[in-house]
Every structure is written in C-alpha cells, then in structure tokens.
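This is what each chain is made of:
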Amino acid sequence: MFPRLVYESFRRQTRRKLLAGVAITLGVAVATAMIAVATDIGDKINRELRTYGANLLITPQEDTLDVEIGGVNLKPPSDGALLNEADLPKIRGTFWHHNIVGFSPMLPVNVRVAVGATNTDTTLVGTYFAKLLTFGKDQFTTGVRITHPWWRVQGAWPDDSSQGVLLGERLAARLGAKPGDTIDVGGRALSVAGILSTGAAQDEQIVAPLALAQDILGKPGAVRRVYVSAMTKPEDALARRDPKTMTPEMYDRWYCSPYVQSIAYQLQEAIPHSHAEQIRQVAQNEGTVLSRIKGLMLLVTLAALLASALAVSAAMATAIFERRQEVGLMKALGAGNIAVAALFFAEALLLAVIGGTAGFTAGSLLARQIGRSIFNSQISIEPVLFPIILTIAVLVTFAGSAAAIRRAVKFDPVFALRGEA
Amino acid sequence: MSEYRNAEKKQVVHRRAGTPHTSMFLRMLVRAAVLRRGRAASALFAMVVAAAVATAMMNLYVDVQAKLRSEFRNYGANVVLVAKEGQTLPSGAVNSIESTLGPKTLVVPLSYVVARTSDGRSVVVVGTDFNRARQLNHWWKVSRWPAAPTEALVGMRADTALNLDRKPFQLSFQGRSVELVPAGLLQTGAAEDSRIYLDQAAFEGWTGVVPTTIEIAVNGTTEEIDEGIRRLSAQLPSTDVRPVRQIMEGEANVLNKTRATLYSSAILIVLTAALCVLATLIGWVFDRRRDFAIMKALGASERLVNGFFAAEAAALGVIGSILGFALGIGVAAWIGRANFHAPVIPRFSVFPYILAGSVLVALISAVLPMGLLRRVQPAMILRGE
Chain A
1 MFPRLVYESF RRQTRRKLLA GVAITLGVAV ATAMIAVATD IGDKINRELR
51 TYGANLLITP QEDTLDVEIG GVNLKPPSDG ALLNEADLPK IRGTFWHHNI
101 VGFSPMLPVN VRVAVGATNT DTTLVGTYFA KLLTFGKDQF TTGVRITHPW
151 WRVQGAWPDD SSQGVLLGER LAARLGAKPG DTIDVGGRAL SVAGILSTGA
201 AQDEQIVAPL ALAQDILGKP GAVRRVYVSA MTKPEDALAR RDPKTMTPEM
251 YDRWYCSPYV QSIAYQLQEA IPHSHAEQIR QVAQNEGTVL SRIKGLMLLV
301 TLAALLASAL AVSAAMATAI FERRQEVGLM KALGAGNIAV AALFFAEALL
351 LAVIGGTAGF TAGSLLARQI GRSIFNSQIS IEPVLFPIIL TIAVLVTFAG
401 SAAAIRRAVK FDPVFALRGE A
Chain B
1 MSEYRNAEKK QVVHRRAGTP HTSMFLRMLV RAAVLRRGRA ASALFAMVVA
51 AAVATAMMNL YVDVQAKLRS EFRNYGANVV LVAKEGQTLP SGAVNSIEST
101 LGPKTLVVPL SYVVARTSDG RSVVVVGTDF NRARQLNHWW KVSRWPAAPT
151 EALVGMRADT ALNLDRKPFQ LSFQGRSVEL VPAGLLQTGA AEDSRIYLDQ
201 AAFEGWTGVV PTTIEIAVNG TTEEIDEGIR RLSAQLPSTD VRPVRQIMEG
251 EANVLNKTRA TLYSSAILIV LTAALCVLAT LIGWVFDRRR DFAIMKALGA
301 SERLVNGFFA AEAAALGVIG SILGFALGIG VAAWIGRANF HAPVIPRFSV
351 FPYILAGSVL VALISAVLPM GLLRRVQPAM ILRGE
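Protein chains in written order, with my numbering: chain A, 1 to 421; chain B, 1 to 385.
Derived by calculation from the structure, the hints in this document are not laboratory data. The C-beta atom is built at its ideal place from N, Cα and C for all residues, glycine as well. Be aware that one or more of the hints could be misleading.
If we take Cβ atoms under 10 Å as the criterion, some of the chain B residues that face chain A in the derived model are [claimed, not checked]:
id, residue
1, Val64
2, Thr160
3, Thr207
4, Cys276
5, Ala333
Listed below are the simulated BS3-like cross-link pairs for lysine-lysine, each with C-alpha atoms no more than 25 Å apart in a straight line [stated by the list, open to error]:
id, chain 1, residue 1, chain 2, residue 2
6, A, Lys294, A, Lys90
7, B, Lys67, A, Lys294
8, A, Lys233, B, Lys167
9, B, Lys141, A, Lys244
10, B, Lys141, A, Lys233
Chain B stretches covered by chain A per the calculated footprint, using a threshold of three residues with CB under 8 Å from any CB of chain A [stated by the list, open to error]:
id, region
11, 48-59
12, 117-128
13, 250-257
14, 338-350
So here's chain A without its partners, still in its complex pose:
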C-alpha cells in the first residue's frame, strides 16, 4: 500500500513534483558547480600565477658577484663558475617535476654588435626559446616562451638550433635594425628573426639560442644560471624551517610538500655544484594572492550553498503545504501521524535522490563549462563528491520539509476536509 501511495502521488501530481524537483535539481547543480570550482580554484590560479614568470633561480655554487646595472654586465665574461647544460634535463627527474612548469637557462656574453656603420657594446644572452628535451623516455618542451610569458616578439621567434637572434626593442631602435636584417656580432653575421619587447633589461640586449652564445663564448655546454617556474604551495611555518634541524618524519613531510624551499632543495640535489634560491618577489607574493582568492571562493561557495539550501527548502515547504486536504483525508481514514509523515519523507527522499543526481550531472557540466571558458582547462569533479552532494541534498530536502510536514500532520482533518485551511 505504502509504495503505491508514493507512486500514485508522483503519477497524479506531476506538475507539483516537477516544481519541487526542478528546485532541487537547480539548487544541487549550483552547489556542485561551486564546490567543484572552489576546490579546484587554487590549482587553476596557481597556474595563472605562473605568468609572473620564474620563481626559482639556479646558480653555480661557487658563484662570483654579478656586476650588472640596468641589464649591462660590467664583468668580463670568462669570469665566474658555470653550470653544465647536460645536467639540465635532470630537473625533470626531481620529485616535484609535475609542478615544474618550465625552465630556461641563461648565458650572458658581452659582445660588440654592428649594423652598417653604427656599433655598440651590449650583452648577448643565450637561452632556450622552446626547446625539445629528453629525460629518459620523457620528452618535453621548455624555454622562455613558457617561463617568460610576457615577452613579446615582433617578427618570429628564432629556432633553438638556428643562427637567428632576437634584438631588444631599444637596442633595435638605436641600431635601426628590423626583422630580417643581418647584424654583425663579434665578426659573425647573424640574422634578426624578431624584435623583442619585455619592459625590462632584455630591451637593451640580444637574445640568442643557447648553443650560439656558447659558441661565441667558446665554452660548449656552459650555462650561467637557470630560471625555473614551478607551482608551489603557500609557505607555512614548516616550510621556513631549516631541513638540517628536522626530525626524519618532519623532513619527509617537508620534502614531499611542494614548498618553494623544498623544490629549491631538490633542484640543488639534481644539478651538481649548484645553488637554488627562490626569487622572493615572485615566490613570496603568490602565496598571499593564492590564499586570498581561495578564501574568497570558499566564502562565496558558502553563500551559494546557503542560497540553494533555501531554494530547496522553500520549494518543498510549498509543495507540502498545498496538500493539507490529502492529509485530512488520510487521517480521516485512520492514518496515524507517523504514517503520514513517513509518506511525505519517502516522497522527499525520492525527490532528493532524483533531483540530486540530475543536479550533480548538470553541476558537473556547469563546472566543466566554467573551467573551459575561464581557465581553458578542465575542472575535474571528484567522484567522491557525489555521495556527499547527495547526502546534503537529502538532508536539506528533509530539513525544508520538516516544518511543513509537522504543520500538515498537526492540522485537524475536519477543517482540512471542509476546506477551511
């Protein structure tokens, strides 16, 4: 009898059930989408923060002092220790290699550049533009196009194995050079592939493929420093501790967290005779920005959950309140309070499960759409979220119905049947 009551109630009152069902579906969809976005936003913003460029710098351990003002290197190029280019792919072998978005080696060389009759002293920096490297079986592309996304090139990016160079825009303006021209650098004829604009020291420099810079310097395989761009976890008390003073468990925890300090430590382990340091301007600020945005989305998600809970409760309360006459009839026929309440709760449960499932699906699609249109990447929905969302949907539906059911049950059947409600 009980299942039939529930079934008939759904069959005969399709319009009312639909209204409540739609409310639950929409509420759950919004809640699911917001939870998915809020849990994933940290990762997404972390990736966006990489537009600030490298947050780690690897230098030789026995490094000498840079004497550099405004991008002009005043130190003789042969001076100072160097890193080995062959060691660089090992960065891919570190524990947190998934967090390392890219790296770019740099090798500055002091050169004299001439275009026609005008000539000037400047720095030529050798680097990777978008170089394909292999580590073990793993192939990956890295270079300044990943680590320095704000560099703009008018013309074309040179190939990493070519003799083409990028000319800084101020230097190009001084020399009167255009893309396609040939410039003379220390007796070599190099072609200008493009004009580089960075808003920083490189505007006065020449940027060339690393192999070319090594060739000019006469030191094959040499690298002066490496810029590494990594996604990190905001710094906390554990991050700032010295790994030498930690207990073994604490050290494991530190080593296995993507703090900028532990990534620096692992880079130092991977590359012999190197020293890795965080670039504090980038590394220190991203933690604050990240936690602010995450906090904001968390609070906004709470607001969304509240709004959808209220929507569901309101719809349920309305749906039940309309059925006082039915309650009156059932009670007149001898149904107890518990039987009536059980019927309503069973209906609410069914509605919550159906609406919750539909809402979860719609919410997942919504979150995916938000991820694609805003961040150009997927927002993944954890399957574990489904039972949680469903439980919340059932609880909210029950809570929303409870007051209305209580009132409906308490109502005198005589009044209800006479239509004096």
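Given chain A, put chain B in place with the hints provided.
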C-alpha cells in the same frame, strides 16, 4: 469660501469615481499581511535572503577587484622611470611624481655606481631611500634595516663574495673612499643580492651621483596606470617611463580570471536566490486562491484583484529588498574582513538594481499563478475544488 470647499469636494469625488477606494485597498493589504503572519513572514524571509545574497555578491564583485589590486601591489613597482642617456632626473622628481599620481603611489629613487673594495673587487653600490624601499619591496628579507647614514644594507651574495663578515669595510669610487658598517643582510633571490645599498644622502655625499632611476608602484586599473604613464612622460620629458610588463601582465591575467570566476558564481547564486523567491511566492499566492475567489464573488473587477495581488507582491519586494540590502552589506563587509582584513565598502549604487530585481521577481511570481487562477470560476475555488 465654503463654495470653494464644496467645489473642491466635488472635484475629489469626481476624480475618485473611476478609481478603487484607496483606504480600503490599503487596509486589505495590511490586514492580509497581519492575519496570515506565518505565510507572509516566510515569503518575506525568502525575499530578504535573496536580496541579501544578491547585494553581497554585487558588492563583493565590485570591491574585490580593488582589494586584490592592492594585494598585487605587494609585487612591487609596476612602472619604472629612467633618465634618458646623458641626462639627469630633475631634483624634485620624486615629489612631483607623488603629486601627479596621488597619495597612494609609492615612489623609490635609485642611483647606481660600481665601486671597488679595498682588495680591488668591483661591486654595485645603490643609493636609495630606505623608508620608501621598505614600503615598496615587501618581499625583501632584511635582517636589520640601516639606521645611521654610515650603515649599509649588504646583499647576501655580496656579503659572501666579498668576505665582509659583518665587519666595517671600505669602498672607493673615483678616488674617494668611504668607511661603512654593514647593518643587515638583504635576501631577494635576484640581482639585489649582489649589491650594497646605502642611504641616498650618504651615497650622494660620497659619490656625487644623483638618482637616475625611479621605481613607482601605481595603484589602479590598467587604463589608470597607462594614463599615469602618459602624464609622467609629459611632465618629465627628459625621462623614459616604462611599464614593468612582467608585473602588469601577471596581475591583469590573474585578476581577469578571478573576476570571471566570481562573475559566473555571482550569476549562479543570484539566479538560485531568485528561484527561491519565485517558488515561495508562487506558493503564497496559490495558497490565497480563496481570498481571490471571495473578492471576485463580492464583485471585485479583474483589474482590482490583479492590482491587489501585484501591490502586495511589490510591497513585499520593496520591504524585502531594503532589509536584504542592509543584511547583504553586512555579509559583504564580514567576508571582506575575514578574507582581506579590510571591510568591503558599501556601495549604495547597487541598491536600485536590487530593488528593481526584487520587485520584478515578486511581480512575476504574483502574475504567474494569477494567470492560472483567472481561468477558474470563483465558485469552484470556494467549494474547495
């Protein structure tokens, strides 16, 4: 006089002849709300919550960008001003930049020389204003800031490479030497680590070199910063004013994504809230179909009944939006304080939108069930069918 009064009375009677009795109309509105407190209260509650959530989201959306921008200013200078080759900066440049760009702007003058240590090694020495540098460069890790003019701030790498070991040291520039005491160590992970920083006045007294570079942190949108750059270039023609692209683009990128996320969340939340109101109000109006039937049975015109329900819904929308607005501003201020440690400033310009939206949703939810009820004979409703 009394004739005049009578004429006026007639006029009033004449004017009112075609319109419903306002006092009765108001009385019905008030009594309806008072007598069915429970239902009216739950409808109002839904309205208030929806208006509050919408207010909070709109306030947040407008204000969070400003809040995040000031967080982004911790990344340091976004504009650099450099004297053109062979020229120097005018002496009052720092003050004139500050007066051009407003009081929130941070301006730091810098001057550079390459000096030699007593054992002949070269090092870059920078003269700056420590108070200003400290405000601009939040990420500088400094063990102790210099207090006296003879104290220097020594970069981490400079300290190791020159074996300074925190003892007083000598530097010479163009034959003039100076005795300095290291106050503290500076760590940034970038070029600053290889330099020695001195107070500008002491630096100028020693080298005679005046500032050539000014780092500026301009607060505002990309357009405001571009405008500031234009104004500075016009005001100081002997200089090059350049945006720091790394900082500007990073900020614009993260801010745009955050704004877009917040925007879509705000739309979703406001829609859900509106739906909540719609569901509650439709229920409320449906519930009163007997009132509707009695009014019609007593001879009320279609227009009067429609007007009555619409006025009731509109009143609910107005009251709900006022209460909700106040509550929403409180919620936004709390979120601001909890997350950004600064309350979100209430924006009263949002209120007309909230009011219009609330009344609109209320009217829709009154009109929808009315359309359904109109087709039903009053007698059917009164018989409880």
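A quick look at each hint next to the structure:
1. At about 6 Å, the closest approach between the beta carbon of Val64/B and any beta carbon in chain A falls short of 10 Å, and the interface hint on this residue holds.
2. For Thr160/B, the interface hint holds, the least distance from its beta-carbon to any beta-carbon of chain A being 9 Å, beneath 10 Å.
3. Checking Thr207/B against chain A by beta carbon gives a least distance of about 13 Å; that is not within 10 Å, so the hint is violated.
4. Taking 10 Å as the C-beta cut-off, the interface hint given for Cys276/B holds, the closest approach to chain A being about 4 Å.
5. Proximity of Ala333/B to chain A is violated relative to the hint, the smallest CB-CB distance being about 12 Å (cut-off 10 Å).
6. Simply put, Lys294/A and Lys90/A have alpha-carbon atoms about 33 Å apart, too far for the 25 Å limit, and the pair is violated.
7. Proposed proximity of Lys67/B and Lys294/A is supported: the alpha carbons are some 14 Å apart, at most 25 Å.
8. A threshold of 25 Å between alpha carbons decides the hint, and for Lys233/A with Lys167/B the separation of about 38 Å lies outside it, so the pair is violated.
9. As the CA atoms of Lys141/B and Lys244/A are separated by approximately 21 Å, the hinted pair is consistent with the 25 Å bound.
10. Restraint check for Lys141/B and Lys233/A: satisfied, since their Cα atoms lie roughly 19 Å apart, inside the 25 Å limit.
11. Chain A is given as covering the region 48-59 of chain B, and this holds because 5 residues of the stretch bring a CB closer than 8 Å to a CB of that chain, at least three being needed.
12. Proximity of the region 117-128 of chain B to chain A, defined as three or more residues with a beta carbon under 8 Å from a beta carbon of that chain, is established by the 4 residues found.
13. Beta-carbon proximity to chain A at under 8 Å applies to 4 residues in the region 250-257 of chain B; the threshold of 3 is reached and the given coverage holds.
14. For the region 338-350 of chain B, the assignment as covered by chain A holds, since 3 residues bring a beta-carbon within under 8 Å of that chain's beta-carbons and 3 suffice.
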